[in-house]
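Asker: Listed below, chain by chain, are the residues.
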Amino acid sequence: MSEIKKSTRTSFAEAIVEVGNEYKDVVTVAADSASRYGDFVKKFPERCFNVGIAEQTMIGVAAGLALCGKIPVVTSYANFLAFRAIEQVRVDIATAGLDVKMVGTDTGFSSAWLGFTHLALEDVAAVRSIPNIVIIDPADATEAYLATKAMFEYKGPVYMRLRGRKDEPVLFGKDYVFEIGKGNVLREGKDVLIISSGSAVYESLIAWEILRQKGISAAVVNMATIRPLDEALLLEITSSVQSVVTVEHHNVTGGLGSAVAELLAEKRPDVKLLRMGVKDTFGTAGSEEMLKAYFGLDGNAIAERIKSFLKNDYKSEVN
Amino acid sequence: MNQNEEKIKAIRLVAERIRKDSLWMSTRAGTGHLGPALSIADILATLYVGVMKIDPKNPKWPDRDRLILSKGHGCLALYSILSQVGFFDRKYLGDFCTKCDTLLPGHPELKLPGVEANTGSLGHGIAIGMGMALAAKMDGKQYRVFVVTGDGELQEGSNWEAAMAAAHHKLDNLVVIVDRNRLQLGDLTENISKLEPLEEKWKSFGWRVKSINGHDIKELLSTLNDVPFSIGKPSAIIAHTVKGKGLKIAENKVEWHYKVLTKEQYEDLKEELALEELQDE
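From first to last, the protein sequence lines are chains V and Y.
Our numbering numbers the first residue of the first sequence as 1 and each following residue consecutively.
Our numbering numbers the first residue of the second sequence as 1 and each following residue consecutively.
Isolated chain V (complex conformation) (with noise of 0.2 Å):
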């Protein structure tokens, strides 16, 4: 893997400015959040707005102007956007099925220190049990650009995540496509198949890689729309590989791994499904690193709980 590093909300504001020449109607909320949308703002002014730190009222205020013909863009901390604003999501955007694009940043564990008030560990769980609602989770910089263009050639409501973290790994390069409810496999792989989104694809990679040095050949699908979830390539792996990990920095519940779970309890019942992800517990404070490790979800502790997975010792699942 590269050491390149981006952020992706450096280049999420860089796609922003580029859809806002592209799109005359694209206007950008602000609740004291102005900051993540980089030089649109210089560029734009008179189309950006800022309410204040007021999540429900920037909402309210995208859902007037995409009642008005706009293409509104609304930004905050995930969790904030998530909770705080969430019926204003359900009721003003979701089910007028508005076009209002939805951005969470600071995903997973990187508000690290901020502690569990910051760190968005549920939110994908709050935005799914809404329908009409796209959510995407790009896995690094280049998805995080690709995916803000797309949210924009599809008209109605869309949530992305983003970690935004300088150190932020770059994993794909120039030919990298991304298309709203498609998965892409990133390594092939016949023992397990490990499903991920957003910054938990990195350690899945490192994974994959202390897997394969054992011997183990694991496939690795970046999934980075959960809703749609891309159902189709899962029930397609799944025909031959009959073993299944999620991995997601976020709590198990309601997130990418309950939406894997979903599926294969219907359609591929005789599938072995472990959900790797916070286990209905709250985040804490630590450097992402640390709370990485604490929760078992960096690199080495995803292949040491796949393998264990494999030879189905369940007590050294437990943790």
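Careful: at least some of the hints might be erroneous.
Subject to a maximum C-alpha distance of 27 Å in a straight line, what follows is the list of computed DSSO-like cross-link-like pairs (lysine-lysine) [unchecked claim]:
| id | chain 1 | residue 1 | chain 2 | residue 2 |
| --- | --- | --- | --- | --- |
| 1 | V | Lys24 | Y | Lys137 |
| 2 | Y | Lys170 | V | Lys42 |
| 3 | Y | Lys99 | Y | Lys259 |
Derived contacts from chain Y toward chain V, CB cut-off under 8 Å, selection only [stated by the list, open to error]:
| id | residue |
| --- | --- |
| 4 | Asn118 |
| 5 | Leu122 |
| 6 | Ala127 |
| 7 | Met130 |
| 8 | Met132 |
| 9 | Gln142 |
| 10 | Ala165 |
| 11 | Val242 |
Read the hints as simulated data drawn from the structure, not as lab findings.
Model, not experiment: these values are computed from the prediction.
All residues carry an ideal CB built from backbone N, CA and C; glycine is no exception.
Starting from the structure of chain V, add chain Y where the hints point.
Answerer: For chain Y alone, coordinates are given in the frame of chain V:
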């Protein structure tokens, strides 16, 4: 009779029709927020007949004035006025809460022509209206956005977030009309969580405020046609009203927030209030 008096007379008739339709729809359905609809009948009649620029045959006309019923539970009155001015045929009023997936549910939805926002959960309308007002400024359009809120509704904090932001953005094309009927679901507003001094609250948030009698068509007409009260400031109108206005047994009665006439009561009042037959032809 001069032109203004004729207009007032016409609005009064429309408001009367709103009240009769609200009684008719809610009695047929056996459900509905009757008291909160009756208190805003005169406000909506004045807005749609005497104030707002609308084109019901072209409900999405970009230059139209917008009305958001933030107190969505008052929708009986909204449905009546929208049908009266021609957004849809009167025959659909019979669908109010009588058909699954109806266009006229217990809170208004965008799928009905003339409805400008989904409302029902309180405290959403001002922010949505603010977004529409920003879009108007951005596009150099002259339309105004009217938001009708309940008074109890103002206990939701989201209203005050939006009020603060709208004043900051100098949205003089945004008008909030507070249906100050003094009652909420459980009791008098002042017994639950005091709103007063309400005028001062709006003023301190940067709005220009007027308090009026929300049943006096003449006063409603002159006040609503006088917005913005001040260039660069949003306008708030505190319309003092009577919950259940026009239905004597319901007036100022807290239990009539979500209560309707029985069919027997309706039949008994039919002659006195000149109500329509309950059954379809």
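Asker: Against each hint, give a clear statement of whether it holds in the structure.
Answerer: Structure-based check of all given hints:
1. A distance of roughly 15 Å separates the Cα atoms of Lys24 (chain V) and Lys137 (chain Y); the hinted pair therefore holds under the 27 Å criterion.
2. Straight-line distance between C-alpha atoms of Lys170 (chain Y) and Lys42 (chain V) comes to about 21 Å, which keeps the hinted pair within the 27 Å bound.
3. Between Lys99 (chain Y) and Lys259 (chain Y) the alpha-carbon distance is near 20 Å, which keeps this suggested pair within the 27 Å criterion.
4. For the restraint placing Asn118 (chain Y) at the interface with chain V, the shortest Cβ-Cβ distance is roughly 5 Å, inside the 8 Å limit, so the hint holds.
5. A cut of 8 Å between beta carbons decides the hint on Leu122 (chain Y): the least distance to chain V is about 10 Å, and the hint is violated.
6. For Ala127 (chain Y), the suggested interface contact is upheld, since its CB lies about 3 Å from the closest CB of chain V, less than 8 Å.
7. For Met130 (chain Y), the suggested interface contact is upheld, since its CB lies about 5 Å from the closest CB of chain V, less than 8 Å.
8. About 4 Å separates the beta-carbon of Met132 (chain Y) from the nearest beta-carbon of chain V, less than 8 Å, and the hint is met.
9. Taking 8 Å as the C-beta contact cut-off toward chain V, the hint placing Gln142 (chain Y) at the interface is violated, the least distance being around 13 Å.
10. A distance limit of 8 Å between C-beta atoms decides the matter here; for Ala165 (chain Y) the minimum to chain V is near 4 Å, and the interface restraint holds.
11. Taken as an interface hint, Val242 (chain Y) does not check out: its beta carbon lies about 29 Å from the nearest beta carbon of chain V, beyond 8 Å.
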